[in-house]
Every structure is written in C-alpha cells, then in structure tokens.
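Those protein sequences? They're chains P and H, same order as listed.
When the letters of the first sequence are read in order and numbered with the working numbering, they come out as residues 50 to 586.
When the letters of the second sequence are read in order and numbered with the working numbering, they come out as residues 598 to 965.
Some clues are possibly wrong.
[To be verified] Listed below are several chain H residues computed to face chain P (Cβ distance under 8 Å; list not exhaustive):
1) Ile614
2) Tyr618
3) Ile794
4) Thr795
5) Phe797
6) Asn799
7) Trp821
8) Gly842
Worth flagging that the hints you see were computed from the coordinates, not collected in a lab.
Because the structure is a prediction, the values reported are computed rather than measured.
Using N, Cα and C, we set each Cβ at its ideal position, and we do this for glycine too.
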Amino acid sequence: MGAEGTSPTPSGPPAVRLIGVSKRYGEVQACASVDLDLHRGRVHGILGENGAGKSTLMKILIGLVLPDAGTIEIDGAPVRLASPQDAAGHGIAMVHQHFSLVDQLRVWENVALGEAGALRQGDIRARVGELSERYGLQVDPDATVGSLPVGIQQRVEIIKCLRRDPSILIFDEPTSVLTPAESAQLFDTLRQVVVAEDRAVALVSHRLDEILRVTDEVTVMRRGRVVDHTGTGSTDAASLATAMVGRGVSLRSERVARSAADRGADRGGDRVAGVGPAADDPEPAARAAGPDVLHLDRVTVRDATGLPVLDRIDLRVRPGEIVGVAGVEGNGQRPLADVLSSLLGTDDGEVRVAGVPVTTGSAGAMAAAGVAVVPEDRHDSGIVAELSVAENLWLVDIERVAPAGIVDRRAMRQRAAELVAEFEIDCPDLDVPLFSLSGGNQQRVVLARELSSNPAVLVAAQPTRGLDVGAIEYVTDRIRQAAEAGLGVLLISSEIDEILDLASRIVVISDGRIVGELAGHEADRARIGRLMAGERA
Amino acid sequence: MTADGRSLDRLSGLGGIIGLYAGCVAIALAIAGLLVEATGGSASEVFAAMIDGSIQGPGRIGATVGVATPLLLVAVGTIVSTRAGLVNLGQEGQLYLGAAFGAYAGTKLGIAGPMVLLLVLGCSVVGGALWAGVAGLLRYRRNVPEVLTTLLLVTVAAQLVGYGLKNQWLLLAPSEGRANRQQISQQLDAATRIPRITWFGNEFPISAFAAVFAAASVAAILAWTVWGLRLRMLGFNPRTAKRAGVSEERYGGLALLASGGFAGLAGGVMLAGGDFGNYTLVPGFPVMIGWTGLLVALVARQRASAAVITAIVFAGLRTGSGFLAATGVERRITNVVQGLLVLALLLPPALLVLQQRRRAMQAGGDRR
C-alpha cells in the first residue's frame, strides 16, 4: 500500500519525527529504518504483534535505548536522546504498561518520585488534586498505591506523567490491565489531553478495536518495519489485521526467486520433485484419509484467575493433512502448543492421539504418544542449549541409543551424524554445545529430532519465526514433505502467508476459541483477516 | 568457529586457568605475608607451618587425606543436586543428622562387628537423605524454594541432634565413663570402625578410596547414563526436559535425596573414620565440613573429577592451619590468612564463569 499516498499530512512541523531509525540486537533487527511522525493534537496508533518492534521504538523515544542509525527531530530540530532525562527535558513522557509505581508509598509520594530538590508536600498534593480535577482522574493523594485497584493505579501513573506537563505522551499498551469501563474512561481522558491541550500522543497497542476507536492515524509495524501507515478513518479491522500479521510481499518474492535459483542448481533436483506437485495440488485434502491422528475434544484450559485461555477447542488432524491454526498472537496459540507438549494440563476436555486418550500435563506423555513438536520458542521448550548437538538430537528418544540405561555414544553419534547430513545442519562437530550454532541451524536440529522420531502427528508452532529466508524455505519444504509422506501436521502460525502456503485446512483462533474453519483452497487473506479480527464466520 | 580454532582456544584456556589460579594464590600469599609481618609475626614461619601441617610433617598427608574424604563426599552430593538445577545449602545439617543416625545404629542397638559398620554407614546415608527429603517434599508439594529450606534445616538438625545428645535413650552415652554433664555419645566399638591403613608413614581410613570411587561413579553416571543426561537436561532447561519426559518431581527429588545421602555418608565416615571426634558424636561435630564441601564443589565448578583435587587442597588448608598456633601469631591473624587463601581459590571459578558468558555472547551463537 502506498504509505505516502494515504497518509494524512496535517500542517506544521510534527512534534516528533523519526527518520530511518534502526536498532539491532544480535541477530534480531528490532527496528529497521522506521519513519514515524507524531503531530500535535492527534493520536497516533502504533499497531503490531509482540516482537514487531513497537516497544523498542518507544524505548528509543524515551531515551532508554540508543538507535544504531537514524535521526530524531523534535519540532523540526534534531536531538539526541541518550537518557530518560534527555527525553523528559524535551517534554516526552511515557505511561508504562507495567506501572513504575512503588506499592508501599502513598499516591502523592509516588507522583513526587524522581523529582530533584526539596520535597514540598503541599505543592505536590495541590498539583495532584488539580490534575485529577482537570482530567477527571479521581484519586486520593493519601492512599497507599498497593491498596488501590489496577485501574486507579493507572490513574496515578498518568497523573505522574502529566505532572511535568509533557508535550509528547506515549501510552504503552495502556488497556492491557483494564476492564472495558476503565478503558473507556481512559480514552476520554486521552482525547481531552490531546485535543483540548494540543499534545502529541502515541498509543501503542495490539488491539484493533481500541486503535480504531481512539486514533487519528495508524502505523502498522511488523518484524521491525513499518508495513502500513494510514488515516484511521480510511481503514478497517480486517485490513489492519492483515497488515499486522503480514502481507510479506517482498519476503514471498524473495523466496520464489530463491527456489527458482535452486531449481537451476543440481542440488535442487530432488527437492523440486518433492515440492512441485504439492504447490499445484488442487485438492490436497484428498490425501487426508483415515482416522484422526490428533483429536482435541472440547479442550479447555483456564488461567490462574479462572478465565479460559483455551475455550472448548475442537480440532481434528488426519494423516497427510496440514491444518493451519491462524490468528493474531496471544489468542491461545501458546497454551495450545503447551498442552500438546505436555507442559500444560487441561481443565476439561480430552486429547486423543491416534485414537488413544493421552493424559495432559504429565511429563513426556505427549511425546511418548507420538506428538512431535517444533515449539514457538525453541529456547523455552525445544532445546537444551548447553548440551551438545548430538545430545540435543536425542533428547526425547535417548532410550533408543541407550541399552540398559547406558548411553551408547557411538550409536548416538552415528545416527546424529546421519541426521546432521540429512537436514544439512551446519556444525563443526557433534560435540559442540548447541548454543554455538546459529538460530537457523538450531531450528534444523529441532526439526531433525522431531521428524526422525517417527511421530503420529507434528505440531509446528511459528516454525519459521526469526529465521532468514533460506532457513524459512527449508523448514517450509520439510513440513510439506512430511505431510506428503503421510504425517498429520498442525501448523500454528500468525503468518498468514505461511498458512495459506502450506495448510490444506485452516481454522481461525480468537480469544481462545475456534471462530471459523475454511478449506485451504477457499481461504483468502480477507476472509481470514475478518475472522481474526473477531467477526464470526 | 573452526575445529582448529576451538582446540587452540581450549589449550590457551588450560594455560590461562592455571595462570589464573597461580596469580590469585600469589596475590593472597603476598597480602597474607604483609599482614603477618605488619602484626609482628614472621611470614616465612607461617607459610612453613602451613606446608608442614598439611603435607611436609611426618604423617600429615594422612591427616589431610582423612579430612579430604568427607569433603569429597559432600562435594559429590552437591554436584548431583546442582546439576539437576537445585541449590542445596544444607549439607552441614544433613551431615550432622547422618552422623547421628550412624551413631545411634553403632552404639544403641547393642551389636558390633564389621557388618555393623556397614549398617552404621547405611543409616547415615538414610539420615542425610531424610533431611534433604524434607526439603524435597516442601519443594515439590508446597513450592517452597529448596535454597531456603535446606539452609534453615541446618539449624533444626543441630537442635535435634543436641536433644539426642541429652537423652540416654537416644544418643547420650551411659553415665559411667563420662563427665557428669558432658554431652557425648558412646564411642564406636573397635570392630565398628573404618579400617585405617598406613602408606609411607601416612595413616588414613580406607573410606578415602570409597570417596574417590564415589566421585568417579557420579562423574560416569552423569556423563554416560540416561539418568545422568536427563538430570542435566532438567538442570539446564526444565521445560524442554518436561516435554522430553523428565518429571521434575521424580528426577529432582531423587537428586536432592542423593545429595543429602552423600552428605549423610560424609557424616558417617567422619564418625567411624577416626579423624574427627575420636569415634564419638559431640555437639558441633560437623566442624564446618558441610560448608567447606559446598565450597569444594563450587571451586571444582561442579565437576566430580575436579572435586577430588579440590577436596585435597581444602583439606590441606585445614590441616595446615592446625599448625599455625605454634608460630605464635595471633589466632585472628591466622584466620585471616586462611580466609585469604580460600578467597584466592574461589575467585578463579567466578571469573571463568563470567568470561565464558561473555565469550558465548560474542560468539554469535544463538543463546538466550
């Protein structure tokens, strides 16, 4: 989408202008030449999934993180924000997602925190009273913060922020802890702060509804880049959702270009034979026959407060079929994968693998029943970084190379060497610790282990996240080949392209519930986007 | 990184480690020397006394080995629990309770003989494991961190054994043959003691061999068995381990029991070995062996093979210090000298861990 074409440009220099701001952490490009303008009197929504780079960008704005490249201008003049004090000096303040309050102190004491010089209790109390009057943020200055409900605590946080009369305000996921009524009140305040007093506001969020309701313009970030910038009035939930989880045009074309190059090279020969037909297969579902290899029957998981994070999930995977679970992140994908990794017990419902019910939450039960998992975060539950490459290839099935409980190192290394060759894992030696490998090669180790364990079903959660283009292609091909060989695959991904590319059947998950199901050939981005945005099928 | 690069790295690493230790010890010795001289003592005399007391004096190597034996057993147990990702700080108490269980079996059952020695040692294992088991139960049933419970149970163990030493039906020796209000257990019967052998004029209990064997076995189990691999898995990444079928409760609980069992065995070996307390149990019996064993494991960087050497070094420090009183240097000063040397041994492992972490971060591998 032509960002410049649709973006509204109010008159006057922007309060804040970011030009080409980039920040890299090791392998991860958190922000890649981001341009962003904040104008006075307007609320600018910044939308994106976890890890899209929103937080890094805001940290750069309030001086917590120094960018690697790019310039920041305030009212047209370039500035350097090397510390939060610098930022505060330029009138930038932030309302943090996790409050920066001291529970044991009183409200006025918290507001006074960070002030230099003599502490004038009277002045501060008066200011707190005045601010709560003006913005309708009623709060008792003498209450102990820890004893207040979260909604009121946030008022304190906002008062603390407004006390210095900032001209530029950043709200970082402000409603994540609020009830709907509290959110509504917050947004009233926010509009008043902006419109009546001509401040510039950035609202960081991953919630479509509030972005649509409160903002004047919206910037969508994905993988550290700005993928869309538009006036809020000229967009809707479905297109924002689609932008958020990716059109990935450039990525896709790059991938196509690469596989074309591979076809030219000799090593691509067998891969084309494996991949080619599947890509054009009009009825991949026809391959899916036989009994379900995985069946989730009304699976329900509640969090500590009793709210369901998975709500009566019904899911079936048949052999040879790739079932895609699409959805905006944080809608139950993690608990779903955790249940299938034996890391989380269910409160209700049943999981059957190849027809046999499996106890949930019991160490190793899912793996023993034949559920292979490529987890969303391999560092969390996929690898043991300190153990060797060979050991990591045998983590789950170690007994197969350990007659009588003694590990047969030779058998272990021999089979590991075969897997390293087969999965083209680039490692200097089988005995080096896994953490010395690159992320892409670590992911290949996980894939090699899980696919070689002769599973009944493969659960792949965000299997290509954080990988470079070559590794993405490799992992995608492997999953497709596995399905062609008759394995049932449950692909949990927030990459719409990945799902459209691979899945023969797509279910959409929202708020822990399955809200729609589409056959692969009848699915398109717009329909999935509407479902993800919360519309019922 | 190429294979050549790595082996080169390893070589310079070994030289670097030796240099690091040498440097740290040299600095500690220099400071200690200055301190002794400044307070009017003679540094050379002090160091000569330490060498004399630990290795040079006739029979002193035997004494050092005798002290090293329980140190090594405690360290080996610590390594098992640490590898499982648990922090057991209660060895001193587990050791004490183990010794008490052993003393009860050896003196109150009215039997004696070589088989009873095995019973004594078996009971001390049970005593130590039981005490660690209390912490395990709290950890896995009530979610109380084992760091706290193991540590606090040390005090409870001391009180419990103290109670036992006040009551004749438990541990207190019969009133004949002891001073009126003395709290002491009956001496182990001669047949119930660990045999001592003499090598080149150095006498020590044969339990030293058993301790080395235990260290070798634990090293082998951790490296070569499925159980050991799973235990390490659990220690490094409990969630991956759970997914792969390692029950935290089962493996972690067993590791904690083993850890306590080894500490208890150390207590039994001290009681029946003859280097501590003259085959009797008295208040204050553990004499910091539990705490020092913890340091041994720390300095050995949780490797059972390295713990053998480290245990001997720490034992040497202890036996050597015994001779310091004879130099006329004030006790407070000699304590500082000893502390400086311990510090010098603890510093390198800490530095190495830091260096390793930095290197891993720079190596460009994907570790979080």
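> So which of the earlier hints does this model not fit?
Replying inline: Violated hints (numbers, rising): 1, 2, 3, 4, 5, 6; every other hint is consistent with the structure.
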